[in-house]
Each structure stands twice: as C-alpha cells, then as structure tokens.
Amino acid sequence: MKIFILSSFFMMSFFTLFSQTKGIILDADNKPLNEVNILFSDQNILLFSNEDGEFVTELDIPNNSYISFYKDGYSSKILKYDSGVELKIILDKLHIILDEVGVIESYSELGNSRLINIEKKSLSSQNSISMIDDIAELSGVDMISSGLGIQKVVVRGLSGMRVVTYLNGMQINNQQWANDHGIGFTDLGLSEVELIKGASALKYGAEAIGGLLYFKDAPFIANDKLKGFISTGFNNSSLLSNSKFGVKFNKKNLFFNLYGQYAISSDYRLPDNTYLFNSRFKQNAIKFSLGYRYKNWQNIFRGQIHTEVLGLPGHVHGDPSKVNLTEITSSELNLSSDFNPTRPTQFVNNQLLIYETNYMINNFKFEFYAGHFINNLKEYEKWTRPAFDLDLSNTLLSPSIRYVSDKLTLQLGSQFVFQENKNNINDRLVPDASSYNLGPYVLVEYEKNSFGINTGMRYDYKRLISDDQVLDVDYDNSFNSTSFSSGLYYRYIDHIFRMTFSGAYRSPHVSELFSDGVHHGTNRYEIGDQQLDIEYANQIDFKYQWSNDHLGFVLNPFIQDISDFISLDPTGSVISGYKVYNYMQYEKVEISGVEMNLHYHPHQLHNLHFEQSYSFLQASNNSKHGLALVPANSIKNKILFKFNDYERLLKFDDFSIYHIYKFKQDSYAEYEELTDSYNVINLQIGLKFSSKFYCSLGLNNIFNETYTPHISRVRGVAGGVPNPARSFNINLKYEF
Amino acid sequence: MKKTNLLTAATLCLALIFTSCSKSDSVECHECHIAFDGPNGEIEVEIGEFCGTALEDVEAPGYSHTIELTVVDGDTVPAGTYNEIHCEEHADH
Chain A
0 MKIFILSSFF
10 MMSFFTLFSQ
20 TKGIILDADN
30 KPLNEVNILF
40 SDQNILLFSN
50 EDGEFVTELD
60 IPNNSYISFY
70 KDGYSSKILK
80 YDSGVELKII
90 LDKLHIILDE
100 VGVIESYSEL
110 GNSRLINIEK
120 KSLSSQNSIS
130 MIDDIAELSG
140 VDMISSGLGI
150 QKVVVRGLSG
160 MRVVTYLNGM
170 QINNQQWAND
180 HGIGFTDLGL
190 SEVELIKGAS
200 ALKYGAEAIG
210 GLLYFKDAPF
220 IANDKLKGFI
230 STGFNNSSLL
240 SNSKFGVKFN
250 KKNLFFNLYG
260 QYAISSDYRL
270 PDNTYLFNSR
280 FKQNAIKFSL
290 GYRYKNWQNI
300 FRGQIHTEVL
310 GLPGHVHGDP
320 SKVNLTEITS
330 SELNLSSDFN
340 PTRPTQFVNN
350 QLLIYETNYM
360 INNFKFEFYA
370 GHFINNLKEY
380 EKWTRPAFDL
390 DLSNTLLSPS
400 IRYVSDKLTL
410 QLGSQFVFQE
420 NKNNINDRLV
430 PDASSYNLGP
440 YVLVEYEKNS
450 FGINTGMRYD
460 YKRLISDDQV
470 LDVDYDNSFN
480 STSFSSGLYY
490 RYIDHIFRMT
500 FSGAYRSPHV
510 SELFSDGVHH
520 GTNRYEIGDQ
530 QLDIEYANQI
540 DFKYQWSNDH
550 LGFVLNPFIQ
560 DISDFISLDP
570 TGSVISGYKV
580 YNYMQYEKVE
590 ISGVEMNLHY
600 HPHQLHNLHF
610 EQSYSFLQAS
620 NNSKHGLALV
630 PANSIKNKIL
640 FKFNDYERLL
650 KFDDFSIYHI
660 YKFKQDSYAE
670 YEELTDSYNV
680 INLQIGLKFS
690 SKFYCSLGLN
700 NIFNETYTPH
710 ISRVRGVAGG
720 VPNPARSFNI
730 NLKYEF
Chain B
0 MKKTNLLTAA
10 TLCLALIFTS
20 CSKSDSVECH
30 ECHIAFDGPN
40 GEIEVEIGEF
50 CGTALEDVEA
60 PGYSHTIELT
70 VVDGDTVPAG
80 TYNEIHCEEH
90 ADH
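Those protein sequence lines, which keep their order, are chains A and B. Position 284 of the first sequence, counting from 1, maps to 283 under numbering that gives the first Met the number 0, and the rest follow consecutively. Position 73 of the second sequence, counting from 1, maps to 72 under numbering that gives the first Met the number 0, and the rest follow consecutively.
Calculated from the structure, these hints are not laboratory results. Be a bit skeptical, because a hint or two may be false.
Cβ-Cβ distance ranges computed for the label pairs, FRET-style [what the hints assert, rightly or not]:
| hint | chain 1 | residue 1 | chain 2 | residue 2 | range |
| --- | --- | --- | --- | --- | --- |
| 1 | A | N272 | B | T69 | 32 to 40 Å |
| 2 | B | D56 | A | V469 | 20 to 28 Å |
| 3 | B | N39 | A | S485 | 58 to 66 Å |
| 4 | A | F365 | B | A59 | 52 to 60 Å |
Listed next, the stretches of chain B that the computed footprint assigns to chain A, with coverage defined by at least 3 CB atoms under 8 Å from CB atoms of chain A [to be verified]:
| hint | region |
| --- | --- |
| 5 | 27 to 41 |
| 6 | 54 to 60 |
Quick caveat, the model's predicted, so the values are computed rather than measured. For each residue, glycine too, the CB sits at the ideal point set by N, CA and C.
Kindly produce the complete structure, drawing on both the sequences and the hints.
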C-alpha cells in the first residue's frame with residue numbers, strides 16, 4: 000500500500016501540465032531591478048529576478064495566489080495573481096529600510112498586516128547574538144533568560160502559557176509554563192517571526208492572551224541549481240561555538256530543504272571576570288522540508304529533531320536570595336570539564352512532524368494542516384535519577400477554507416488539538432493528564448480604498464482529564480468560552496490609523512492545577528489549585544503610523560484587562576528547604592502602556608538610519624501590590640549605516656550600534672526586589688568579502704556594564720546574577 | 000575561482016575547529032556530601048567519592064549516612080544519621 004501511494008505520488012509529475020508565469024520588475028525610472036525576492040506566499044516558493052529585472056517560472060500559479068515582491072532599499076508590493084494580467088511591477092526606492100516601524104507592506108501568515116497590528120523580525124541576520132535577543136529588539140518585547148541557553152519571550156509583560164508559539168503552523172508546547180523551559184527550537188532554517196501582541200490571533204488559538212509568535216522557515220527556492228550555505232559563529236563570553244549548514248534543492252515540482260546545526264557553550268563570563276557555573280548548554284538540530292506541487296495542489300512535509308542539554312545555573316539549596324554570588328560562580332573556566340553537563344541539567348528532546356496541503360481554485364483556497372510535536376523533558380538534580388521525566392505530545396489538525404474576492408476575504412476553519420502529558424517515572428511535579436480542544440473560527444476582512452475592517456470570532460471547547468494514581472489526582476473538567484477580535488483600518492495620505500478590540504480566555508494549565516513538589520529549575524516548592532478557573536482578557540490596541548521618505552513614526556497605546564489572573568505567589572512557608580509557592584487567582588490585573596517607534600535618516604545620507612523605540616508598561620493588580628516579572632520600561636536605539644551604495648572600503652557591508660536603556664523597575668511583586676536602571680551598548684560590523692562570503696564581528700556590552708534585568712531568571716539569586724560581560728562574537732557564512 | 004575555493008576551505012576549517020567533540024562517560028564517579036542546614040546556611044560534610052552502582056545507591060530515596068560530630072570551617076555538625084545527600088558539583092574552582 001505504501002509503495003502504491005509513493006508510486007502514485009511521484010507518477011503525478013509525469014502528468015503535470017507545464018505553464019509559465021513571467022514578469023518584469025522595474026524601479027521608478029523604468030530601470031530593471033535584479034535580485035528582487037518574488038515570494039509566492041501561498042506556495043511558499045521564492046525566486047529572484049535576473050539582471051534584466053525579469054523572472055520566469057514554469058510552476059502553475061493559481062489565480063488569487065498572493066505574490067510578494069521585495070528588495071532591500073525598495074518599497075515592497077503584494078498582489079493577487081491574475082493569469083490574464085501582465086506582471087509588470089514598479090518598486091519605488093525606499094529610504095526607510097528598517098522595518099521595525101512597520102511601514103513596509105509584506106505578506107503575513109497571521110493575517111492582513113494592514114488590518115491587524117502584526118510586527119515582524121527577520122531572523123536571517125548574520126549579526127545575531129541569539130534569536131531571542133533579536134526578537135527582544137522589538138518594542139514591547141523582552142526576554143526571560145539566564146545566559147544564551149535558556150531564553151524565552153515576554154510580550155507586554157506576559158509570558159509562559161500566555162504567549163503562544165507556533166513553528167511553521169504547529170503549536171509548540173514544551174512545558175513552557177516554567178521560566179526554566181526555553182523556546183524549544185533554534186533559528187535553524189528560519190527566515191522570519193511574526194508577532195501579534197495581545198489577544199488578536201484567533202486563527203491560532205484563544206489562549207494567546209499575551210501574544211502570539213509565529214516562526215516560519217525560509218521558503219523553498221525555485222532554482223535548478225543546488226543552493227546552500229555553511230556558517231559558523233563564536234562568542235568568547237562562554238566560548239560558544241555554533242555551526243550550521245543548509246541545502247536547497249528544486250527539480251520541477253519537487254522542492255527540498257535540509258538544515259543541520261550543532262552548538263556548544265560553556266559557562267558565561269560575568270563583568271567581574273568570574274563564570275556563572277552551569278550556564279553551559281549544547282544543542283543539535285536537523286530539519287527538512289519537502290514540497291511537491293501538482294497543478295493547484297500543494298503538499299509540504301516537514302520534519303525536525305532538536306536536542307538540548309541545558310545547565311540550570313544559580314542552583315542552591317535553601318533560600319537563593321541569601322547565597323553569595325561567589326557560591327554559584329567559578330573564578331576560571333576549566334576547558335576539559337566546563338563544556339560537559341553537570342547537575343542540575345535538563346535534557347530536552349523535541350520531535351516535530353508536519354504535513355500541510357492546500358488546493359486553490361477560483362477564489363477559494365482549501366487547506367488542511369496536521370502537526371505532531373513530541374517534547375521529552377528530563378530534569379536531573381542527581382546524577383543517576385531524574386527528578387522529572389515527562390513526555391508531552393501535541394497533535395494539531397486544522398482544516399480551513401479561504402475565500403478571496405476584490406475587497407473581501409473570508410476564512411472559516413477549525414483547530415483540533417490533542418495533548419497528552421505523561422510521566423515516565425514516579426517522581427513528578429505535574430500528573431499524567433490529557434486534553435483535547437476543539438476551536439472553530441470565522442474571520443472576515445474587508446478593504447476598500449483606504450478603509451478596512453476585520454472581525455472574527457472563535458469558540459473553544461476544552462476537556463482536561465487527569466487520572467494519576469501516583470499523585471492521587473482524579474480530575475475531569477471542561478472549559479469553554481468565546482473569543483473575538485475586531486479591527487478598523489484607515490489611511491489618510493501618509494497617516495495610518497488602526498484600532499483593534501479583542502477578547503480571549505485561557506483555561507488553567509495542568510501545572511497550575513496540580514503541581515505539588517520541588518521544582519529544581521526555579522528553586523521553589525510549587526503547589527497547584529484544582530479550583531482554578533478560566534482567566535479572561537480584553538484588550539484595546541490603537542496604532543498610529545506616519546512616514547515620509549525620511550521619517551517614520553509609530554504610536555501604539557494599549558490597555559488590557561485580565562480577570563481571574565492566575566499567578567504563583569509565595570506563602571512564607573518552607574518544605575524540604577524550598578520556599579513554598581501557591582497558584583492562585585487575582586480578581587483583576589490591568590496592563591496598560593504605550594510603545595513608540597521613530598525612524599529617521601538624514602537626506603544627505605540615505606544609508607544612515609536612526610531608529611528608536613520606547614516601551615512603557617504599567618501593570619496593576621487591584622488585590623495586591625505589583626505583579627511579578629513585569630519588565631522595566633525601556634528605550635532602544637539603533638544606528639545603522641549600510642555601505643551598499645558605496646565603493647566598499649575594506650569590504651564593509653554595514654555597521655550598527657545598538658543601545659538599550661532600561662529604567663529602574665520600582666513596581667514589583669512582594670517577593671521581588673527593586674531593579675536599578677542600566678545601559679547596554681553593542682556594536683556590529685558586517686563584512687562582505689564576496690557575494691557569497693559574509694562575516695560579522697560584534698562587540699557586546701562594550702562598557703562591561705554589570706546589570707541584571709528585572710525579569711532575569713536568576714534575578715532572585717544572590718541579589719541578582721549579572722548578565723554576560725563585555726564579549727565579542729564572530730560569525731561567518733558562505734553561500735553556494 | 001581559486002580565491003573562492005580558498006575561502007570555502009577556510010570556512011570549512013573554521014567550522015571544524017569551532018565544533019568540539021563530546022566525551023563519552025563510562026563509569027561516573029562523583030564526590031558526595033551531606034547537606035546540613037546550619038544557622039548561617041547550608042554546611043557541606045564530605046562523605047567521599049561514589050561510583051557506578053554505589054552512586055546510584057547513595058542517590059536513591061531513603062539512603063542515609065551516619066557521621067560522627069564534624070566541624071566544617073568552624074561550623075559544627077552534630078553526630079547522627081542524615082539522608083540529605085547531594086552529589087552534584089558546585090562552583091568551587
């Protein structure tokens with residue numbers, strides 16, 4: 000049967016009818032533009048224009064497929080493909096090339112970026128310290144971390160289960176409820192991340208009340224030649240070595256991408272030249288994507304295996320705030336032993352398998368998505384016995400239909416999620432549990448001239464069952480609620496106004512309901528509460544944008560009310576030497592703030608860019624003072640100079656200075672402490688030795704500032720363990 | 000062309016140089032200690048090195064270790080039987 004299916008699959012290619020899609024891309028002076036990215040978004044296929052500005056593909060492109068045209072330094076364009084219309088595209092020179100102000104129009108997986116407040120960040124930069132560091136450059140985004148090993152995203156002060164992560168359409172569940180559990184994958188093969196702040200991402204689940212991150216792979220490439228790269232990076236802070244490779248292959252209707260990665264790091268260096276013991280980690284990843292097209296029918300298979308060995312730094316017995324920093328740091332690195340796992344350590348094994356298919360006909364696109372993600376987490380404090388050994392499997396099935404007309408887009412779909420949490424040993428913090436969630440949704444978008452409106456509704460039914468004899472849990476409960484999102488868009492000359500009102504809910508997680516034990520990753524004894532119920536969130540988000548050739552400005556105030564907010568609070572008691580924390584619900588939490596972006600470049604120097612973002616956030620809790628893990632307000636500045644229009648002196652490609660100022664955080668939970676303000680400055684220089692060989696050099700924390708972010712995972716240990724000291728990094732990439 | 004090949008070779012070499020190999024651990028041996036909760040924080044009383052199955056035993060639930068009265072850096076740990084045994088490394092180098 001398997002042979003028959005495989006044979007049928009490959010035989011289809013013999014019956015494929017070839018057609019051609021071609022076009023030309025010009026600048027405003029009618030000069031051809033080469034190396035323009037032409038992305039067939041619905042097909043996930045990328046090609047490039049040649050030196051005459053022309054592009055041609057023999058792929059069958061169905062009508063109403065979205066095509067996105069973009070080139071660095073030019074305005075981008077999105078259009079709906081119409082086989083009867085000649086593809087002649089004019090791209091205007093754009094001086095504001097950094098997109099953090101959101102002025103560039105581009106295709107988004109999360110919806111129409113004109114109507115919804117979607118932010119994006121490219122992940123293909125060679126100048127990156129880490130993927131999460133890159134994302135944290137966006138306004139309103141921070142990270143919880145302890146070095147480069149464990150890092151996770153915080154959106155407008157919310158994190159964990161409230162910030163939902165998708166990778167190529169699959170929801171990533173990897174015990175993300177705890178701050179010592181990172182994001183669960185690396186930047187290997189990824190091209191971009193999209194972010195919705197707040198509860199507007201209906202298509203991808205109701206529980207993203209803090210925000211939704213959608214990571215997507217680099218598209219397939221339509222090219223007869225094998226393409227690929229090898230890259231390596233080194234950071235002297237922790238002697239991090241990170242090597243990757245990637246190849247892309249295309250033969251007619253068959254597309255294949257393959258990537259691999261190996262990274263190893265020792266303990267990172269602090270500004271006082273000591274090393275944070277056990278902040279080391281190792282990562283391996285391999286992933287592939289296989290695409291096949293038959294006329295209007297597209298199939299994509301993706302697979303990924305990712306393993307991590309993560310040290311848990313700041314481990315102490317007893318009260319972590321009372322230890323001295325010298326007890327958890329080493330005066331020097333021992334190269335023969337300090338790359339090896341010690342204790343406590345997490346061993347993480349993630350496996351992801353995805354099948355996605357779509358068929359387009361006339362104005363309709365039919366999609367079906369199936370994904371399966373398995374996360375195994377073993378946490379060792381002892382050498383021979385794990386403290387936890389948990390398997391979390393997640394299966395997602397999602398059919399949908401999209402109807403597109405001139406002005407109207409309608410989407411109907413549903414998500415079915417089955418999740419199983421299974422302990423492999425008797426020692427456990429959370430019980431065996433399973434849940435299934437059914438969530439049908441409808442989304443409507445309407446655009447006419449400079450006006451647009453979108454609205455959507457989703458209903459979710461979730462049943463959670465736990466029958467765990469070890470922890471004596473017998474629980475069977477269901478949660479259901481409706482979520483919604485409505486937005487208005489209006490453009491007046493260069494002014495864009497966007498307003499979104501959304502509401503969502505989150506049902507309690509098994510860790511919040513049933514935890515009962517020591518959590519070594521957080522140095523706490525955590526106790527759940529089976530009486531916890533749904534938390535509800537409502538958000539109003541207003542975004543104003545204005546830009547001309549030289550200046551861009553974004554103002555984005557928001558307010559979010561969360562009722563029955565689930566929180567982990569200290570009780571004042573101690574069990575087995577660990578402070579006891581109880582899960583409980585606050586009646587109401589209000590999070591409000593404003594984010595601003597400013598982008599400027601002088602007329603005389605179009606390649607010089609100044610960009611600033613301001614994030615101001617206030618979180619209040621009407622039943623207690625302060626809220627835990629609320630990031631301090633910040634100002635982020637970036638100065639970038641691109642040498643691409645100049646005779647390259649010494650092969651310089653770009654030069655950037657990044658500065659972040661974090662204000663003092665004096666609004667904190669009762670078990671937290673005030674955190675002082677700080678400045679950090681990083682420098683990056685990009686060198687392009689040829690069109691294929693790129694190098695970046697970076698100097699991070701150049702003034703060797705001693706600082707601990709308020710939301711650092713080790714903020715409460717030894718009065719706050721500082722972030723890495725001044726360090727340099729070098730990244731090399733060769734493309735073929 | 001020659002230049003490109005040289006650059007390719009250089010990049011590959013760098014990738015190999017930066018890629019370390021992990022060691023395989025056969026029989027693990029680790030120093031273990033009693034963690035005594037003293038008035039000024041935890042006091043560690045070394046109880047020796049344990050390997051293989053002995054290490055498994057000392058880390059098993061219910062294991063206890065008996066010591067005489069011991070003084071560690073001026074702090075006194077009374078004689079007795081203790082079951083709070085830890086064998087993980089600490090930042091002591």
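Practice task
Kindly indicate which numbered hints from before are broken by the structure, ordering the numbers from low to high.
Solution key: none
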